[in-house]
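Novice: Spelled out, the chains give:
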Amino acid sequence: DTEVTQTPKHLVMGMTNKKSLKCEQHMGHRAMYWYKQKAKKPPELMFVYSYEKLSINESVPSRFSPECPNSSLLNLHLHALQPEDSALYLCASSQVGLPYTDTQYFGPGTRLTVL
Amino acid sequence: EDKVVQSPLSLVVHEGDTVTLNCSYEVTNFRSLLWYKQEKKAPTFLFMLTSSGIEKKSGRLSSILDKKELFSILNITATQTGDSAIYLCAVSYSGGSNYKLTFGKGTLLTVNP
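Chain order of the listed sequences is B and A. Going by the working numbering, the residue at position 1 of the first sequence is 1; the numbering climbs one at a time, nothing skipped. Going by the working numbering, the residue at position 98 of the second sequence is 213; the numbering climbs one at a time, nothing skipped.
Keep in mind that the hints were calculated from the coordinates and are not lab data. As the structure is a prediction and not an experimental result, all values here were calculated from the model. Glycine is no exception: its CB is placed at the ideal position from the N, C-alpha and C atoms. Fair warning: there could be bad hints in the mix.
[To be verified] Per label pair, the in silico range of CB-to-CB distance:
| # | chain 1 | residue 1 | chain 2 | residue 2 | range |
| --- | --- | --- | --- | --- | --- |
| 1 | A | Asn190 | B | Glu84 | 33 to 39 Å |
| 2 | B | Arg63 | A | Asn137 | 34 to 40 Å |
| 3 | A | Gln195 | B | Thr16 | 45 to 51 Å |
| 4 | B | Thr7 | A | Asn190 | 36 to 42 Å |
| 5 | B | Lys18 | A | Gly168 | 48 to 54 Å |
Could you put together the complete structure from these sequences and hints?
Specialist: Printed below as a string of structure tokens:
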């Protein structure tokens with residue numbers, strides 16, 4: 001199994017809603033990542049979990065809250081988002097944890113629209 | 116200030132042409148450079164380069180890194196319409212315990228039949 005899965009594929013939410021994005025990998029990878037990608041822009045790193053611990057938080061607003069329940073799962077909890085948060089949210093994983101770098105394998109992404 | 120610069124930003128070629136995409140970077144404590152292809156959805160991995168001068172090949176694609184001049188190139192020979200995509204270059208680097216991964220803006224490649 002060389003796949004990173006993400007659910008849901010699409011999500012539409014209001015600014016007062018609370019929702020969660022889910023990412024799963026069963027490759028035994030020890031690092032997992034959340035990225036945000038706006039249209040026609042490259043991905044921007046948001047968070048990195050290495051060995052199930054939050055290692056990197058790239059100054060992301062607190063309305064985004066990551067969680068890593070176990071080594072295979074990564075969640076992104078969303079609350080009180082703004083319309084400008086609408087984007088493609090990508091999850092990725094890599095075999096080795098930080099501080100080492102390794103190939104990152106991306107999931108298909110969740111297309112989020114905030115109304 | 117952009118730490119990873121890709122050129123050209125867009126390129127239109129005909130099937131069968133050979134293309135060279137460029138990625139230059141300016142970071143401290145370089146760790147690796149990665150190339151990705153992005154079509155409609157998530158990026159897919161192409162190459163990871165850590166050592167200078169060692170060419171990596173996969174079919175019609177190849178890539179090489181020059182750590183002295185701080186750049187990498189991605190070559191695609193005998194291009195096909197299926198090669199049309201955005202090609203992203205990303206550089207990972209660190210400062211102490213901080214890990215950074217920065218993407219370039221990408222090169223939009225269009226291959227016409």
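Novice: Which of the listed hints are not met by the structure?
Specialist: none
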